[in-house]
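In case you want the letters, here they are:
Number of protein chains: 2
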Amino acid sequence: MNSQPSPRTQVRRLPDRGRYDEETIHGILDAAFLCHVSFVVDGQPFTIPTLFGRKRNCLYLHGSSASRTMRELQKGIPACVVVTLVDGLVLARSAFHHSINYRSVVAFGTARLVEDPEAKMAALETVSENVIPGRWAEVRAPAPVELKATAVIEFTIEEASAKVRNGPPKDDEEDYALPVWAGVLPLRTVTGEPRDDGRVVDGVAMPASVERYQKR
Amino acid sequence: MNSQPSPRTQVRRLPDRGRYDEETIHGILDAAFLCHVSFVVDGQPFTIPTLFGRKRNCLYLHGSSASRTMRELQKGIPACVVVTLVDGLVLARSAFHHSINYRSVVAFGTARLVEDPEAKMAALETVSENVIPGRWAEVRAPAPVELKATAVIEFTIEEASAKVRNGPPKDDEEDYALPVWAGVLPLRTVTGEPRDDGRVVDGVAMPASVERYQKR
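Order-wise, the sequence lines are chains A and B. For the first sequence, this note's numbering begins at 1 and goes up steadily by one. For the second sequence, this note's numbering begins at 1001 and goes up steadily by one.
Derived from the structure by calculation, the hints contain no laboratory data. Every residue gets a Cβ at the ideal spot worked out from N, C-alpha and C, and that includes glycine. Just so you know, not all the hints are guaranteed correct.
What the hints assert, rightly or not - A few chain A residues that don't get close to chain B, going by computed Cβ distances all over 10 Å:
(1) T24
(2) G27
(3) C80
(4) E193
(5) D196
Stated by the list, open to error - Sample of chain B residues at the chain A side, in silico, Cβ under 7 Å:
(6) A1032
(7) Q1044
(8) F1096
(9) N1101
(10) S1104
(11) D1116
(12) P1117
(13) N1166
(14) P1169
(15) W1181
(16) A1182
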């Protein structure tokens, strides 16, 4: 992965928010489990939200073997994967300086189909472990017929840029005299109470994966 | 907006999750303030996270007049806007039946630049009110020079589909005998404690917009 911006990845607006180093980019990717993947068919952009997991410089996505997204991506056409985490509302004294605190990554690359069953299984574990660590080992592994019905895509990041905004609003100097409250309203994702599906076998307790997830 | 699916919008995988009625689509859009907008330049898809607001069948986006996204979108090229809300992790007894509960909208259309200053101002208010209702009236309105530096895009939804998954996991019948906990781990976004920026004029209290936001 190139750590210098290209014309495709350079953050042009507010360039001080742009980051191109692998540590920042991987850190943002690893803090998320949902991405938006985009591809083009006949000049029309299609964007689909989907789960993912990262290993080294590759993102793994999965879906039904019959899905349009999976069938298009595996052609190796140019794709774009975006991950966005919202950290808060930035409330300034002027409408103009309102913003949000966020961390985002825009990654460009091409995808290929993972066909080897062992590699597919490993990639699915990578996705699962990224969504809820420890769950993979608790559940029934994919059967051969399930593996066949699942398409796994390996998206290699050729170029990426991160954008990060944090901290308080920045107002115009003369606006600080205005009698307007300004600051940040933090936003974060939390878990609610786990709800079993009413058919859990007697004596089976809530698993470690769920307990750990709640505590993080 | 057409309420029948087209080849472009039809939900093909798990078609029972697809919805095409305006009430569902607008409901999901109105529950979010962040979207991902995609466009194509020279065959390469670009996807950018951005704030938005809805009025009737139009989505309003804004950005710097100099931004590539704003400059490309105003050409009226095909665009795709996606909104995704994650409601929980769906934890099944088999890896295969794991999923997430979510609400998403994929909308197709074209964008145009809003140029009339009054219409621009109204569109910016629509975005602001969608992010944090009531804030617009509390702050200094955009000055002419700020309005000029801001590009406002009106994206008319030509076609859209919603996808919704909720409820417990659905396992294969024989898997219900497995000693594996299964259910849903709800996820939701909450506010943290508002932090003023340390320069609020003495005697200015936390505004109604922030207090209301925290309570919702």
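Structure-inconsistent hints, enumerated in ascending order:
3, 4, 5, 6, 9, 11, 12 and 13
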